[in-house]
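Novice: Here's the letter readout for the chains.
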Amino acid sequence: NAGVTQTPKFRILKIGQSMTLQCTQDMNHNYMYWYRQDPGMGLKLIYYSVGAGITDKGEVPNGYNVSRSTTEDFPLRLELAAPSQTSVYFCASRPVNGGETQYFGPGTRLLVL
Amino acid sequence: RKEVEQDPGPFNVPEGATVAFNCTYSNSASQSFFWYRQDCRKEPKLLMSVYSSGNEDGRFTAQLNRASQYISLLIRDSKLSDSATYLCVVNPSPYNNNDMRFGAGTRLTVKP
Numbered sequence: 001n002a003g004v005t006q007t008p009k010f011r012i013l014k015i016g017q018s019m020t021l022q023c024t025q026d027m028n029h030n031y032m033y034w035y036r037q038d039p040g041m042g043l044k045l046i047y048y049s050v051g052a053g054i055t056d057k058g059e060v061p062n063g064y065n066v067s068r069s070t071t072e073d074f075p076l077r078l079e080l081a082a083p084s085q086t087s088v089y090f091c092a093s094r095p096v097n098g099g100e101t102q103y104f105g106p107g108t109r110l111l112v113l
Numbered sequence: 001r002k003e004v005e006q007d008p009g010p011f012n013v014p015e016g017a018t019v020a021f022n023c024t025y026s027n028s029a030s031q032s033f034f035w036y037r038q039d040c041r042k043e044p045k046l047l048m049s050v051y052s053s054g055n056e057d058g059r060f061t062a063q064l065n066r067a068s069q070y071i072s073l074l075i076r077d078s079k080l081s082d083s084a085t086y087l088c089v090v091n092p093s094p095y096n097n098n099d100m101r102f103g104a105g106t107r108l109t110v111k112p
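Each protein sequence line maps, in turn, to chains X and Z.
Be aware that the first sequence starts at 1, since it is given in our numbering, and climbs by one per residue.
Be aware that the second sequence starts at 1, since it is given in our numbering, and climbs by one per residue.
These are calculated hints, taken from the structure and not from any lab test.
Accuracy of the hints is not assured; some may be wrong.
[To be verified] No farther apart than 30 Å at their CA atoms in a straight line, the calculated lysine-lysine pairs in the DSSO-like style are these:
#1 Z:Lys45 with X:Lys57
#2 Z:Lys42 with X:Lys44
#3 Z:Lys45 with X:Lys9
#4 Z:Lys79 with X:Lys57
[Said to hold, decoys possible] A few chain X residues that don't get close to chain Z, going by computed Cβ distances all over 12 Å:
#5 Ser18
#6 Met19
#7 Asn62
#8 Asn65
#9 Ala82
#10 Gln102
#11 Leu110
Ideal Cβ positions, reconstructed from N, Cα and C, are used throughout, including at glycine.
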């Protein structure tokens, strides 16, 4: 199993551009999450999904959108990039019956200039 | 007050030392608690869950104090490979176990 994979690893965006961060997991986990981690700060939940077709806002959803059309994929969309969205983005997943342990992808570093 | 608060450190200790980290949480209804480890520029990985009765995994011991609203992590006989940032994670809601709150982390450097 590859686990949770994220692409791209690193991206530079100009203000106002849009992009999609990809996240895929091959563990058949129902629950998936998007977090952002700013320097010196804890991870903050952006959006999560409890299954295909179901998404919900986390603590900091503004400026982002998500979709969940399959169990495996949970892309995060930035429509109008702003410097405040410069961060490291982590995707995570967990199974329904596996406790609350989350399995994280390697992260995407995003710089908005 | 932050929901989850940790001493950022850094803690610089020699190999073989015992080191302890504390983490306080603000919501008394918090249900579950975890310690994650994050290596530099890597993703977080679960180190251990924290149970009401406390738990131990080799050199690592985690404790929960609900009355004072803190959890602790004790590392005995520190190894160079223990150098990392340790994240305290709390589930504040009895109704939603998807909205975890992360502390900013405590950085540990173990030196030869």
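Novice: Would you mind marking each hint as holding or not holding in the structure?
Specialist: Hints versus structure:
Using a Cα cut-off of 30 Å, the hinted pair lysine 45 of chain Z and lysine 57 of chain X holds, with the two alpha carbons roughly 23 Å apart. For a cut-off of 30 Å, the pair hint linking lysine 42 of chain Z to lysine 44 of chain X stands: about 16 Å separates their Cα positions. Note on lysine 45 of chain Z and lysine 9 of chain X: the hinted pairing holds, with a Cα-Cα distance of about 18 Å set against a maximum of 30 Å. A threshold of 30 Å between alpha carbons decides the hint, and for lysine 79 of chain Z with lysine 57 of chain X the separation of about 40 Å lies outside it, so the pair is violated.
With a closest Cβ-Cβ approach of about 25 Å to chain Z, serine 18 of chain X is found to remain outside the 12 Å limit, as its non-interface label requires. Distance check for methionine 19 of chain X against chain Z: the nearest CB is about 20 Å away, which clears 12 Å, and the non-interface claim stands. No beta-carbon of chain Z comes within 12 Å of the beta-carbon of asparagine 62 of chain X; the shortest separation is about 16 Å. With a closest Cβ-Cβ approach of about 18 Å to chain Z, asparagine 65 of chain X is found to remain outside the 12 Å limit, as its non-interface label requires.
Every CB of chain Z is more than 12 Å from the CB of alanine 82 of chain X (nearest about 22 Å), matching its label as outside the interface. Residue placement check: glutamine 102 of chain X does not keep its beta carbon more than 12 Å from all beta carbons of chain Z (closest about 7 Å). Remark: the non-interface label on leucine 110 of chain X is consistent with the geometry, its nearest Cβ contact in chain Z lying 14 Å away (cut-off 12 Å).
Hint compliance for this structure: hints 4, 10 are not met, and every other hint is.
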